[in-house]
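Protein chains in written order, with this note's numbering: chain A, 1 to 364; chain B, 365 to 728.
Any given hint could turn out to be false.
Unchecked claim - Below, in silico cross-link-like pairs of lysine-lysine (DSBU-like), each with a Cα-Cα straight-line distance of 30 Å or less:
hint	chain 1	residue 1	chain 2	residue 2
1	A	Lys283	B	Lys647
2	A	Lys278	B	Lys582
3	B	Lys642	A	Lys283
4	B	Lys544	A	Lys217
5	A	Lys233	B	Lys597
6	A	Lys278	B	Lys647
7	B	Lys642	A	Lys234
8	A	Lys278	B	Lys544
9	A	Lys218	B	Lys642
10	A	Lys278	B	Lys660
11	B	Lys582	B	Lys642
12	B	Lys642	A	Lys278
13	A	Lys217	B	Lys598
Unchecked claim - Counterexamples of contact, computed for chain A against chain B with all Cβ distances above 12 Å:
hint	residue
14	Gly63
15	Val86
16	Trp108
17	Arg201
18	Arg210
19	Asn212
20	Val243
21	Asn321
22	Glu334
23	Val362
24	Arg363
Stated by the list, open to error - Cβ pair distances, simulated, as ranges:
hint	chain 1	residue 1	chain 2	residue 2	range
25	B	Lys597	A	Glu207	32 to 40 Å
26	B	Asn705	A	Arg236	24 to 32 Å
27	A	Gly85	B	Glu606	55 to 63 Å
28	A	Glu95	B	Asn685	55 to 63 Å
29	A	Tyr203	B	Pro578	26 to 34 Å
30	A	Ser202	B	Pro578	23 to 31 Å
31	A	Glu227	B	Gly547	45 to 53 Å
32	B	Glu606	A	Ala237	16 to 24 Å
33	B	Lys702	A	Pro286	52 to 60 Å
By construction, these hints were calculated from the structure, which means they are not laboratory data.
Glycine residues also receive a C-beta, built at the ideal position from the N, C-alpha and C atoms.
2 protein chains.
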Amino acid sequence: MAVFLSSPVKPTIHLTVFFNPNPKKPIFKCSCSLPTVTITEPEPVFTSVRTFAPATVANLGPGFDFLGCAVDGLGDYVSLRVDPGVHPGEISISEIIGPSKLSKNPLWNCAGIAAIDAMKRLGIRSVGLSLSLEKGLPLGSGLGSSAASAAAAAVAVNEMFGKKLNQDELVLAGLESEAKVSGYHADNIAPAIMGGFVLIRSYDPLELMRLNFPEEKKLFFVLVSPEFEAPTKKMRAALPAEVGMPHHVWNCSQAGALVASVLQGDPVGLGKALSSDKIVEPKRAPLIPGMEGVKKAAIEAGAFGCTISGAGPTAVAVVDNEEKGKVIGEKMVEAFWKEGNLKAAAVVKSLDRVGARLVGSVRK
Amino acid sequence: MAVFLSSPVKPTIHLTVFFNPNPKKPIFKCSCSLPTVTITEPEPVFTSVRTFAPATVANLGPGFDFLGCAVDGLGDYVSLRVDPGVHPGEISISEIIGPSKLSKNPLWNCAGIAAIDAMKRLGIRSVGLSLSLEKGLPLGSGLGSSAASAAAAAVAVNEMFGKKLNQDELVLAGLESEAKVSGYHADNIAPAIMGGFVLIRSYDPLELMRLNFPEEKKLFFVLVSPEFEAPTKKMRAALPAEVGMPHHVWNCSQAGALVASVLQGDPVGLGKALSSDKIVEPKRAPLIPGMEGVKKAAIEAGAFGCTISGAGPTAVAVVDNEEKGKVIGEKMVEAFWKEGNLKAAAVVKSLDRVGARLVGSVRK
């Protein structure tokens, strides 16, 4: 265990004023006593770890900007190892498997930024780390790609050093990364780390509410991603600056109904609430070719509700049966082609209730 | 049982155009066949009934206009009796115990309007009724006074004729009354009829969600009513027409947190959400002298949260202990006097989980 001497508490300062023959030039004598405090830096528990963080669906209709959930079986992997070749206290990105346009500079990479923040929070100064990122999620798809990388990285660092950080600290490390990529929004990073549905109650201080969808109830997400780029910034610019009072009250009530449906394990109510946004979706849907037709096709095929996932272009529909979800997915793909002239691919996934986790490790 | 012949389904109409020697003046011959349908009118089960409906707290902070709850032990009573002296199918208000300014004309009285609507829904045409209203709630206090009268009356009519109307129909009967008094808002009338917390999901069609606060958890409301008139219309005029996007997102998230706190039985979280409104309360509180100081005093005395009840002027604070509630109430009364120069009275009440109900009856 590395040990440092530091002074995180205020030093006691005694100021003594002596008799002064020249009153215009006072003499002060300072006798400072700096209490020494021992700060311990955690040592790595493993030589290497491998973590996974799931895809997330944020902006859940009327849950815009404060409610998100994690979906199972889609996500990013991070492998992290102690690397004597890396400067102590620093991190290096050795490899990125997936999109070539991602930077290997850890200061410009979602995983890198979150890992550095987690290391800072742990006070890591003696160990250098090497990180490999395996992207399972496409960029700019509306499935929380950057959050998945950040979550996997923050959790990898935390696991490496014995899980000293709590969930809120991990979310804050991920938020540091999200802030640089898409804005200071926790509705992807929080469920990516915590799993399930998470309500962001406040940022200052960070307050998160885990909303448990009952274990015994089934919920499936039909995720249909078209070949279309919907940059987060453009989608954000489409938002209205002001909301009329009736629409505000409507969306608030639907947000309440959405939360109640989650906690009561009611996929039908959840779908209905998901479909009910009168503020954001009406502005964004026209920017994604075919989206309105895709939503209609999903509902006609039996989905309980449908909206844009995150800032799009992925469309998300909900249902309580996997097979039915596949049929709905096919109809949505057809609609993207027919109404938007876009190729699209569908997957049906269940709710991820775990969040970012260790999937492999080599002990020291 | 009285039996009527009526035609609630569309009649079949056959239009026949005959040869017409004068084409400018067409001849139509109409042969209408009206199908006869038997409609049964329920008979009274009792000669008289007495009902109670509780006070309600609406506009629960960020739950503005869509969330309300019922409070135990405060409310209005309605006594209803079959009266051969009243024209069949009609209702007469025989007595109002309480504020003198209420009209005895049933068309201009909350209880009367709701009772008439309930009678219409039941198809009562053969029996005349006489209604006595006992006001337990002051008018314009923000405690759902008009809704309590309407709820007690609608339920009294329904009980009288064997409970043929369901909860939604009773709420609709009450809404008919609310619409004429304070606007088409169900956040008082729905909890007054159903008890507990009720979320108004939509009006067209009416969709209500009962939010169960767990039975084993305690919740008390400290209700402090100052001697001050805050007319609903004036308070409604104080609302902003538009809401900035950040405030909209904030209030939506707090509405979600409020709903989650109710369902999870978390009075601390509930209080916090109650206190968090950034849209309505900041506009209305300055119109009630001392309200801001009262809220501060409530929180300082240990309340989990505090806001304006309904459109005011009553202040409502929440806590999980009755004795603590009484102390908080005293501090709030003090603050109304000190900060607003208003006399006020405090009561501490628990959640009413039942809603409007029969409290007495005389069988035929």
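Query raised in the report: Taking each numbered hint in turn, which are not upheld by the structure, reported in ascending numerical order?
Result: Checked against the structure, the hints that fail are numbers 2, 4, 5, 9, 10, 13, 14, 17, 18, 19, 20 and 26, while the rest are satisfied.
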